[in-house]
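Novice: Residue numbers (my numbering): 1 to 216.
Any given hint might turn out to be false.
With a cut-off of at most 25 Å between alpha-carbon atoms, the simulated DSS-like pairs for lysine-lysine come out as follows [what the hints assert, rightly or not]:
#: 1; residue 1: K211; residue 2: K35
#: 2; residue 1: K35; residue 2: K208
#: 3; residue 1: K32; residue 2: K162
#: 4; residue 1: K211; residue 2: K32
#: 5; residue 1: K208; residue 2: K37
#: 6; residue 1: K208; residue 2: K32
Ranges of calculated distance between the beta carbons of each label pair, as one might list FRET restraints [stated by the list, open to error]:
#: 7; residue 1: I62; residue 2: L120; range: 44 to 52 Å
#: 8; residue 1: N110; residue 2: N86; range: 29 to 37 Å
#: 9; residue 1: Q116; residue 2: I201; range: 38 to 46 Å
In short, the hints are calculated from the structure, not lab data. For each residue, glycine too, the CB sits at the ideal point set by N, CA and C.
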Amino acid sequence: MAEDLFLHGLQYIGSLMNVIIIPLATIIVGRKLLKEKKATGKLNDIRASTFFIFFSFSFLVILEFLIRMEVYDTPHLANFYGGNYNGFNIYSLVIGLIASMSITIVTLANRWDFLQYTSLFFYGGMILLYVFTGFDALLEPYIYFAGGGSIIFLYFTAFRVKDNGALAMAIFFTLAFGTVILDIALLTGISVIIYNVVILIFSFGWFKPFKQEVSI
């Protein structure tokens, strides 16, 4: 009983942090993106990709929070949300986009010009395939492959060029991806709290283990 109460409290704190911190981080990163564009006249592709990831994640956590708090027609909203990878739904669609954008960040950060945006085109092709044929068997493997691959290469990029932003994103994705892979209530609750703290520190530009400015 006490353990269940503790886990429920931990999940509630995590959900509350998600719905506050992730949108806040999105706004901060968005302001930095616009400020940099105004100063340079150019759009930073890496920062824009990061903003898109945060914006997409904000959409998911807000939707999940509304379902948990039952502030709307919960059954209807839950069906709309999906919450799994068993076919295309709002949850799987957005997670797939986030995974694709993560790969895009890796290719941009490493200046792999021949691979830039390849993941987005591939994912777009998967969506079109589903729309016209109903085939979605590639969705779940793609999400795991793209998610896991982006984490590995973000760590590689972070330590290769000593990039604070890449390291922060790698830690965030490791914890966020872990909450999906390891469906363990205690670990999930702790991971959610930790990745929110990491994202908040990162968005304010305070995450500097390499003693350099955050660049993404």
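Novice: Where does the structure disagree with the numbered hints, that is, which hint numbers, in rising order?
Specialist: The structure conflicts with hints 7 and 9, although it agrees with all the remaining ones.
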